[in-house]
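With the hints as your guide, set chain B onto chain A.
Now for the letters of each chain:
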Amino acid sequence: MRIRRLLIANRGEIAARVIRTCARLGVESVLGASDVDLDALPARLADRVVRLGPAQATQSYLDPAAVVRAAQAVAADAVHPGYGFLSENPLLARACAAAGIVFIGPTPESLEAVGDKLRARSHALAAGLPVVPGGEAADLAGAQAVATEVGYPLLVKAVGGGGGRGMKLVRSADELPSTLDLAIAEAAAAFGDPRVYLERFVTSGRHVELQVLGDGDRAVALGDRDCSVQRRYQKLLEEAPAPLLPDGIRAEMAAAALALVRHLGYRGLGTVELLYDRHRNTFYFLEMNARIQVEHPVTEMISGIDLVAEQLAIAEGLPLRLRQEDVALRGHAVECRINAEDWAHGFRPSPGRIERVVLPAGDGIRVDTHVQGGSVVPPHYDSLLAKLIVHGVDRADALARAQAALEVLRITGVTTTVPVHQALLADPEFAAGGVDTAFFERFLQTRQPDVVGVP
Amino acid sequence: MDLTPDDVRDVLRVLDSSGLDELHLELTDLTLTVRRVGASGWALEQQVLRRPVVEGGTEANGVAEQQRPRAAVPEGLVVVHPPLLGTFYRAPKPGAPPFVDVGGRVEEDTVVGIVETMKMMTPVHAGVRGTVVEFRIANGEFADADAVLLVVDPTSGRTGLGEGTP
Numbered sequence: 001m002r003i004r005r006l007l008i009a010n011r012g013e014i015a016a017r018v019i020r021t022c023a024r025l026g027v028e029s030v031l032g033a034s035d036v037d038l039d040a041l042p043a044r045l046a047d048r049v050v051r052l053g054p055a056q057a058t059q060s061y062l063d064p065a066a067v068v069r070a071a072q073a074v075a076a077d078a079v080h081p082g083y084g085f086l087s088e089n090p091l092l093a094r095a096c097a098a099a100g101i102v103f104i105g106p107t108p109e110s111l112e113a114v115g116d117k118l119r120a121r122s123h124a125l126a127a128g129l130p131v132v133p134g135g136e137a138a139d140l141a142g143a144q145a146v147a148t149e150v151g152y153p154l155l156v157k158a159v160g161g162g163g164g165r166g167m168k169l170v171r172s173a174d175e176l177p178s179t180l181d182l183a184i185a186e187a188a189a190a191f192g193d194p195r196v197y198l199e200r201f202v203t204s205g206r207h208v209e210l211q212v213l214g215d216g217d218r219a220v221a222l223g224d225r226d227c228s229v230q231r232r233y234q235k236l237l238e239e240a241p242a243p244l245l246p247d248g249i250r251a252e253m254a255a256a257a258l259a260l261v262r263h264l265g266y267r268g269l270g271t272v273e274l275l276y277d278r279h280r281n282t283f284y285f286l287e288m289n290a291r292i293q294v295e296h297p298v299t300e301m302i303s304g305i306d307l308v309a310e311q312l313a314i315a316e317g318l319p320l321r322l323r324q325e326d327v328a329l330r331g332h333a334v335e336c337r338i339n340a341e342d343w344a345h346g347f348r349p350s351p352g353r354i355e356r357v358v359l360p361a362g363d364g365i366r367v368d369t370h371v372q373g374g375s376v377v378p379p380h381y382d383s384l385l386a387k388l389i390v391h392g393v394d395r396a397d398a399l400a401r402a403q404a405a406l407e408v409l410r411i412t413g414v415t416t417t418v419p420v421h422q423a424l425l426a427d428p429e430f431a432a433g434g435v436d437t438a439f440f441e442r443f444l445q446t447r448q449p450d451v452v453g454v455p
Numbered sequence: 001m002d003l004t005p006d007d008v009r010d011v012l013r014v015l016d017s018s019g020l021d022e023l024h025l026e027l028t029d030l031t032l033t034v035r036r037v038g039a040s041g042w043a044l045e046q047q048v049l050r051r052p053v054v055e056g057g058t059e060a061n062g063v064a065e066q067q068r069p070r071a072a073v074p075e076g077l078v079v080v081h082p083p084l085l086g087t088f089y090r091a092p093k094p095g096a097p098p099f100v101d102v103g104g105r106v107e108e109d110t111v112v113g114i115v116e117t118m119k120m121m122t123p124v125h126a127g128v129r130g131t132v133v134e135f136r137i138a139n140g141e142f143a144d145a146d147a148v149l150l151v152v153d154p155t156s157g158r159t160g161l162g163e164g165t166p
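Quick mapping for you: the protein sequence lines, in order, are chains A and B.
Numbering-wise, my numbering puts 206 at position 206 of the first sequence, and it's gapless, one number per residue.
Numbering-wise, my numbering puts 70 at position 70 of the second sequence, and it's gapless, one number per residue.
So that you can see chain B by itself, here it is in the shape it has in the complex:
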């Protein structure tokens, strides 16, 4: 088990009276280093080595996110990655229509989704002009930083926008 704040205080009192500047403890379940800093302060580094006692073992353990085989991206198409890892949402709130669907047109600054990381929401911009070909991460799924959220065809977006000649 770890040391309680009371245990730590007792250790520090012993050290204070001993004049020692550093103490290193190695127990079966725990290592602890206490070092004097400044006039009256202490720095403490503790490592709890004890393994968790998980009921029924870890058979139902899905710690590793399923690694989906990464389908190749056809030549000429552009992928959109999340700005940072997190849970990908395709709509501004539950039940709302998605920001964009397959076949939808996007501009560089079009918001195509939201990534939730540590309860903070970050918009995902297409970063490219074109037409959405497919989504590779579904709504509510977790996306690593290098995940392909969606694939955009940049060639199809250039036609039919009614912008005239560039």
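Just chain A, same shape as in the assembly:
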């Protein structure tokens, strides 16, 4: 079925981004907005706006019933959930289906298959993907057997833990007995479940991810991205393609991602996240994201493909219109996330009113944003103000052009992370390429924020 009217159940730059593709394709865009977003830039760009609920996300952007009500109120054919919020929530996908509305995303079954880390891991194993080596350890003998397999250093993880909780590092075999006892005792106390498992500790890993697109039958890989520059698991700068990867590994990663997509019979746009072990020159499956991602523009820049348009086409039930041989990647692209945060004060959030927005423009430069002069950045949602995306003939060219573009970019009225990106782009280790996920914290420790100069 043809989508003629689309409800965008999201806010911020991704809402503006989806509206842009709607305008290009002649699809009527209706923005579902919370009370504090009714006058924001995306609301001015959308053909129409419908109220979702109060500022509190749980009563607006995170409420499946509110989203379906809004879609029905404006007789939308389809709902685009953006990223975050309800984008990977099977409840919204099912509620849309029940109301006869197209959900722009994979099936509820696919969302469930990849939504839970352990289930996703078992699907990845079934599809033949490498996962971080490890195994359950009921006692010391069992643990020693697993440790022989995975090698040191390793992590003892509580089965009931997660999100960085309940993990212990074991550097060598002599540490294993005492750490194991402690881990089991703590797991029982903290999680009510004494079970632990051992996993290889990747001392130097890179976050590399594959953009994939499937129609439930066929699938294509749209290249890789590197998102290793992170602070507390939040990405700051992404690039495509991932620099300095051996050709063989790059090809294996794409093949692995496609194997998972085919195994799932996946229909939609997705990202397969992998951990590249720099020392062992190998990679492991981490998770799959069943939605469009913040960093999708770097892939769009090097492939020339509008990923939102592809999402809509697949949601309309069309077969994939790309063949793998149609996907030609050119040059290199980087994306700097400009957040309303104060680097000089521990990345403290900086909501408020924007005074002026001056953006760089020109060939190979794209800025996705939801703010202009006079916009209010509410404290209720994330701090992303804009994404500067720069395309160059190669990585050095892209980095140099990004630096020049940052010189032009001015968002005043709130404190932004522009100075972080300027420092990052000037850093020799980053410029050399292929930094690991621990790089940025090291970078911060060796640098004092340059508080002089423009915010």
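Since the hints were made in silico from the structure, they are not lab data.
Incorrect hints may appear among the rest.
To be verified - What follows is a list of derived Cβ distance ranges for each label pair:
# : chain 1 : residue 1 : chain 2 : residue 2 : range
1 : A       : R231      : B       : T31       : 33 to 39 Å
2 : A       : H263      : B       : R51       : 45 to 51 Å
3 : A       : A65       : B       : R51       : 24 to 30 Å
4 : A       : D427      : B       : T31       : 33 to 39 Å
Only a predicted model underlies this, so the values are computations on that prediction, with no experimental measurement involved.
For glycine and all other residues, C-beta sits at the position ideal for the given N, C-alpha and C.
Quick look at chain B alone, frame taken from chain A:
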């Protein structure tokens, strides 16, 4: 409507061939200024003036946070403000017992709540030693930077702590 990246590129190409350094456009829904910077760069300032077309008007619009009448604080009591504006939580996670209740004793560094601003959590410290008299912002409510989260009686905390004479 705003200009697409393709529109902007077309405008810049015209400018490039014209040798002009600056262009200012004023349309009904949009103003745009493009200025040459450096050798090959451009700076763009755009203002979308179009008013949003909100379905059913804005009758259900609760944009202004309800301004609660600010009750005076009795003399001798101390108020606790959030470290920055955000949503106030009284417990470390949903369903957990609150950090502190009315009647509870606090020290200067006692955590009495969390403020969530732009998805970042900041602990709220009492900043004063005493006994909690009342909470003025409920769990999950939004608090402005000058909001009174809770009121502490500093005199009642000095007795009964078993610290001996100072």
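Hints, one by one, checked against the model:
no. : hint                          : verdict
1   : R231/A with T31/B: 33 to 39 Å : 37 Å, holds
2   : H263/A with R51/B: 45 to 51 Å : 49 Å, holds
3   : A65/A with R51/B: 24 to 30 Å  : 29 Å, holds
4   : D427/A with T31/B: 33 to 39 Å : 38 Å, holds
Of the numbered hints stated above, none is contradicted by the structure.
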